[in-house]
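Novice: Sequence:
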Amino acid sequence: MDKENLAQNLADIYQRLLKKYGPQHWWPAESRFEIMAGAVLTQSAAWTNVEKAISRLKEANLLSAEAILQAADSALAESIRPSGYFNVKVRKLKALSNWLQTGCGGQAEKLLEIESSVLRDELLSVWGIGEETADSILLYACGKPVFVIDAYTRRIFSRLGLTEKEAGYDRLQRLFTANLAADAALYNEYHALIVRHAKEHCRVKPGCEGCVLKDVCRFDYRE
DNA sequence: GGCCAGGACACCA
DNA sequence: TGGTGTCATGGC
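If you read the first sequence in this note's numbering, its first letter stands for residue 1, the second for the next number, and so on.
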């Protein structure tokens with residue numbers, strides 16, 4: 001598919017999703033740090049469970065880099081237990097908090113002063129922060145025009161026939177950034193809509209009747 | 001009771 | 001470089 005068609009397809013898919021679902025208002029949070037913590041907690045977890053974990057962190061007054069660093073591992077684990085994998089996530093939240101405390105005095109607002117690719121490299125150097133989590137933080141916490149690739153994006157766009165199933169993260173990300181305007185608000189909404197759509201139509205055993213993308217999808221619905 | 005959810009890392013060949 | 005195991009709760 002040539003570049004022009006690809007750009008047109010991506011724009012078309014976005015408009016279809018937006019029309020069906022409307023704005024998703026991501027990321028639901030009261031602070032940048034809450035978004036950062038949520039990005040870690042949501043790793044391989046259902047968002048409803050992450051909400052519970054974040055709510056418990058708030059109740060325990062543990063939603064800041066400083067508070068997390070001062071908290072005992074056991075107390076932190078107890079708060080985030082509903083999000084699953086709580087022992088590894090304690091390590092990850094502490095590593096992220098330590099990085100933020102060391103580099104920015106714990107102030108997430110200072111991340112805005114750092115150039116996007118530099119910030120991305122720094123985030124990736126933090127234990128427990130992979131590409132998707134780093135990009136989620138860049139986009140949703142810092143408002144940088146960085147497209148987030150997750151399992152849903154991979155699954156849906158591979159079924160649409162627009163990407164290879166085996167495509168790496170970088171390649172998939174470039175597909176979007178090279179064919180869409182570098183607009184953080186657009187990337188924000190697009191990714192949120194992909195997640196919303198996936199939850200309704202594109203699980204492993206797809207129930208795709210009524211899918212707004214059905215007529216542009218190459219997925220074999222008889223499977 | 002099994003499957004899956006807004007991943008990342010360790011270990012091995 | 002790629003494949004596999006591990007981490008764990010809660011909703012359906």
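Since the hints were derived computationally from the structure, they do not count as laboratory data.
Model, not experiment: these values are computed from the prediction.
Hints are not guaranteed to be accurate.
[To be verified] Computed beta-carbon distance windows for the label pairs:
hint : residue 1 : residue 2 : range
1    : N49       : A11       : 31 to 37 Å
2    : A77       : K19       : 28 to 34 Å
3    : L112      : E4        : 33 to 39 Å
4    : Y14       : W47       : 43 to 49 Å
5    : A60       : L186      : 33 to 39 Å
6    : G105      : Y169      : 29 to 35 Å
7    : V216      : A67       : 20 to 26 Å
8    : Y85       : T177      : 27 to 33 Å
9    : A7        : E78       : 45 to 51 Å
Glycine residues also receive a C-beta, built at the ideal position from the N, C-alpha and C atoms.
Novice: Against this structure, judge whether each hint is valid.
Specialist: Going down the list of hints, with the structure as the test:
1. Hint check: N49 to A11, Cβ distance near 34 Å, so the stated range 31 to 37 Å holds.
2. The beta-carbon spacing between A77 and K19, approximately 43 Å, falls outside the hinted interval of 28 to 34 Å.
3. In this structure the hint that L112 and E4 lie 33 to 39 Å apart at CB holds, the actual value being about 35 Å.
4. Roughly 22 Å separates the CB atoms of Y14 and W47, a value that falls outside the hinted 43 to 49 Å.
5. Separated by about 36 Å at the C-beta atoms, A60 and L186 satisfy the suggested range of 33 to 39 Å.
6. Here the CB-CB span from G105 to Y169 is close to 31 Å, well matched to the stated 29 to 35 Å.
7. Checked against the hint of 20 to 26 Å, the pair V216 and A67 fails, with Cβ atoms roughly 47 Å apart.
8. Between Y85 and T177 the C-beta distance comes to about 30 Å, which sits within the given range of 27 to 33 Å.
9. Here the CB-CB span from A7 to E78 is close to 48 Å, well matched to the stated 45 to 51 Å.
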